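A.B. asks: First to last, the protein sequences are chains A and B. Those letters in the first sequence? Residues 1 to 200, per the UniProt record's numbering, in order. Those letters in the second sequence? Residues 1 to 468, per the UniProt record's numbering, in order.
Mixed in with the good hints, there may be bad ones.
What the hints assert, rightly or not - Going by beta-carbon spacing under 8 angstroms, a handful of chain A positions derived as facing chain B:
#1 Leu49
#2 Arg76
#3 Gln77
#4 Gln117
#5 Gly174
#6 Ile178
#7 Glu183
#8 Gln193
Said to hold, decoys possible - Facing chain A, from chain B, some residues (calculated, C-beta under 8 angstroms):
#9 Leu23
#10 Ser211
#11 Gln368
#12 Thr371
#13 Ile373
#14 Gly411
Worth flagging that the hints you see were computed from the coordinates, not collected in a lab. Remember, it's a predicted structure, so these values are computed and weren't measured experimentally. Even glycine gets a Cβ: it sits at the ideal position worked out from N, Cα and C.
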Amino acid sequence: MSGIDLHSGTAVPLDQANVDTDQIIPKQFLTAVTRSGYGKHLFHDWRYLDQHESVPNPDFVLNKPQHKTASILLTRQNFGCGSSREHAPWSLTDYGFKAIIAPSFADIFYANSINNQLLPIRLTDEQVEALFKKVQANADVCIDINLSAQSVSCEELTFQFDIDPAHKNSLIKGLDAIGQTLELGAHIDNYEQSIPAWRQ
Amino acid sequence: MAKNLYEKVWEAHLVHQDGDDCLIYIDRHLIHEVTSPQAFAGLKEKNRKVRRPDKTFATMDHSISTRSLAIDACGPTNALQLRTLAQNCEENGIQLYPVGHQKQGIVHVIGPELGLIQPGMTVVCGDSHTATHGAFGALAFGIGTSQVEHVFASQTLKQGKAKSMKVQVDGKLGLGVTAKDIILAIIGKIGHAGATGHVIEYCGSAIEATSMEERMTICNMTIEAGAKAGLIAPDQTTIEYLKDREFAPKGADWDAAVEYWKTLTSDAEAKFDTEVYLTAEEIKPQVTWGTNPGQVIAVDEPVPAPESMPNDVEKVSCDKALKYMGIQAGQQLSELNVNHVFIGSCTNSRIEDLRAAAVVARLGKVAQSVTAIVVPGSAQVKQQAEQEGLDKIFIDAGFEWRLPGCSMCLGMNDDILQEGDRCASTSNRNFEGRQGRGARTHLVSPAMAAAAALHGHFVDVRQLQGVA
Ligand code: SF4
Chain A
1 MSGIDLHSGT
11 AVPLDQANVD
21 TDQIIPKQFL
31 TAVTRSGYGK
41 HLFHDWRYLD
51 QHESVPNPDF
61 VLNKPQHKTA
71 SILLTRQNFG
81 CGSSREHAPW
91 SLTDYGFKAI
101 IAPSFADIFY
111 ANSINNQLLP
121 IRLTDEQVEA
131 LFKKVQANAD
141 VCIDINLSAQ
151 SVSCEELTFQ
161 FDIDPAHKNS
171 LIKGLDAIGQ
181 TLELGAHIDN
191 YEQSIPAWRQ
Chain B
1 MAKNLYEKVW
11 EAHLVHQDGD
21 DCLIYIDRHL
31 IHEVTSPQAF
41 AGLKEKNRKV
51 RRPDKTFATM
61 DHSISTRSLA
71 IDACGPTNAL
81 QLRTLAQNCE
91 ENGIQLYPVG
101 HQKQGIVHVI
111 GPELGLIQPG
121 MTVVCGDSHT
131 ATHGAFGALA
141 FGIGTSQVEH
151 VFASQTLKQG
161 KAKSMKVQVD
171 GKLGLGVTAK
181 DIILAIIGKI
191 GHAGATGHVI
201 EYCGSAIEAT
211 SMEERMTICN
221 MTIEAGAKAG
231 LIAPDQTTIE
241 YLKDREFAPK
251 GADWDAAVEY
261 WKTLTSDAEA
271 KFDTEVYLTA
281 EEIKPQVTWG
291 TNPGQVIAVD
301 EPVPAPESMP
311 NDVEKVSCDK
321 ALKYMGIQAG
331 QQLSELNVNH
341 VFIGSCTNSR
351 IEDLRAAAVV
361 ARLGKVAQSV
371 TAIVVPGSAQ
381 VKQQAEQEGL
391 DKIFIDAGFE
401 WRLPGCSMCL
411 GMNDDILQEG
421 DRCASTSNRN
431 FEGRQGRGAR
441 THLVSPAMAA
451 AAALHGHFVD
461 VRQLQGVA
């Protein structure tokens, strides 16, 4: 996997709190056994007026012509709550999103995003609000993300964000988490030796 | 130093630590058809193996029919997913409980039922309601598919330590008030994201008084408060439940286990990052009115108005939820006509849940305008219910008696609602579209769901003769 460090793009403002994974990718698309091709179903219920995805909902923000090429999703608190389905980040990255900016994320979704090279950025409510104002005033406004510097800039605004150093490292380097863990095989062997019989 | 229960279980599973970056060992890995195929495929691609197939257990639950035991009953894509699971389990030597097996059922129902889940264990599953297993004092949480693959390959997970929250419920529940009402009241109080980043420990006299099945209902919906996991310290109730179950330790191992389990409590001086207190006597039967589980009120309260919300974001959420749900601020829930009732899901499909629903079902007939289904959580629950004659009670009252599975909790099969349908559901999520596009879900206890089926609208179970 290639890493992500610098990204510049426009954002689509999804002005809603508690966007759950059933909205991001509804259950009827979870029957596939592969990881690809979910982008067209992203936000299905909101994005289309029909079940067959032939009639886009013109009122839904993702469908507005000015946001068609956005690569950053700007949204509100508790994004990605609900089910653990990794199909949620799969559908967001397949659609073309590189980063999501919100005041907070649900825990499992956050971890799933890191594992799929989708950068979740937590800013304060006020900072998110300021970005909403910018994007709503001008859809073409560019947002610059610098993961090494842990900063998000938009015109005269620059905000710092927190991220776990291990997450940052694995995003920048695009590391294979399993490969890294398997290098600790001796520790795992030792641990397994110590497990008592009744916890086998 | 004094430790809380979470810290004790956490520390007992540390394989390696590098700063804040921890590698923890996983004792039980439960899998199902929806979130495992891509993990198996990833493993294969990299030429890796399942490290501990003996600690991995599989069931079919999400994509199956509740009307037929045929794998193909829900169409070719569902069937492919089920066959893929069977093949992956076969290739990797993993125990699978397929459709039709006597031990098949919803993953979070069969794990405890088989005695697979024990105090002090770490348990993961590619499913957010893995939190259910915290009822045993096991650290149990949902993971994504990449993490499923990670556990397959290494039997470990990389984790950061969560914050801890104590939720203490003291007192005695009123008649007609259940574990489901406790957890809905907790979520109503702290909010849908109120425990994000935390592991909750539930304690207090009202929690101690609950049965294992009630504890599972409470821990199950921990995720609906945003928490990573929920824990209840093991006690005599836990030990009695586990004794003689298939995968529980036996003989001298059992004695050693019990001795250890008894140490699994938070020390008296243990610290929590957050503490929340509730009084059981104040909890009434709960009904959700909105589109997330935190949007909940007592059955006798009016539906809230957007203006009453504490901030703009919640005002917008409330307004949107009322529109989606087709209800007005100030309305009484008893005015809402329900045309579907679903009794089932990993929250409320165990034998005690079915008994509670049957007590109400016995009082009358399902209203003409209502379609009501009862879906037991596992083949064993189904069999037990049939031995007790509960199936007859439901069928006589006009409920449909189905085969075990997730069913209408999320509708990956044909148990789905149509646009505008209003459902009283014992499941755990009332998200937009969860039970079908445009369908409206109200979360309630099994007794409240059965009562809504008989009356065609919400009623307060405490007012039904023969219940309270
Ligand atoms: S019953 Fe519902 S919540 Fe539980 S595992 Fe199945 S789909 Fe998930």
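A.B. asks: Indicate, hint by hint, whether the structure satisfies it.
C.D. replies: Results of checking the hints against the structure:
1. With a least beta-carbon distance of about 11 angstroms to chain B, the hint placing Leu49(A) at the interface is violated under the 8 angstroms criterion.
2. Hint on Arg76(A) holds. Least Cβ distance to chain B is approximately 6 angstroms, under the 8 angstroms limit.
3. At a threshold of 8 angstroms, the smallest CB-CB gap from Gln77(A) to chain B is about 6 angstroms, leaving the interface hint in force.
4. A distance limit of 8 angstroms between C-beta atoms decides the matter here; for Gln117(A) the minimum to chain B is near 11 angstroms, and the interface restraint is violated.
5. The criterion of a C-beta within 8 angstroms of any C-beta in chain B is not met by Gly174(A), whose closest approach is roughly 13 angstroms, and the hint is violated.
6. Here the hint on Ile178(A) is kept, as its CB sits about 5 angstroms from the closest CB of chain B, short of 8 angstroms.
7. This hint is violated: Glu183(A) has a C-beta 10 angstroms from the nearest C-beta of chain B, more than the 8 angstroms allowed.
8. Here the hint on Gln193(A) is broken, as its CB sits about 12 angstroms from the closest CB of chain B, past 8 angstroms.
9. Hint status for Leu23(B) relative to chain A: holds, with the closest Cβ pair at about 6 angstroms, below 8 angstroms.
10. With a least beta-carbon distance of about 24 angstroms to chain A, the hint placing Ser211(B) at the interface is violated under the 8 angstroms criterion.
11. This hint is violated: Gln368(B) has a C-beta 29 angstroms from the nearest C-beta of chain A, more than the 8 angstroms allowed.
12. Given hint, Thr371(B) at the interface with chain A, is violated; its Cβ is 20 angstroms from that chain's nearest Cβ, farther than 8 angstroms.
13. A hinted interface residue such as Ile373(B) counts as satisfied when its beta carbon comes closer than 8 angstroms to some beta carbon of chain A; here the least separation is about 18 angstroms, so the hint is violated.
14. Here the hint on Gly411(B) is kept, as its CB sits about 6 angstroms from the closest CB of chain A, short of 8 angstroms.
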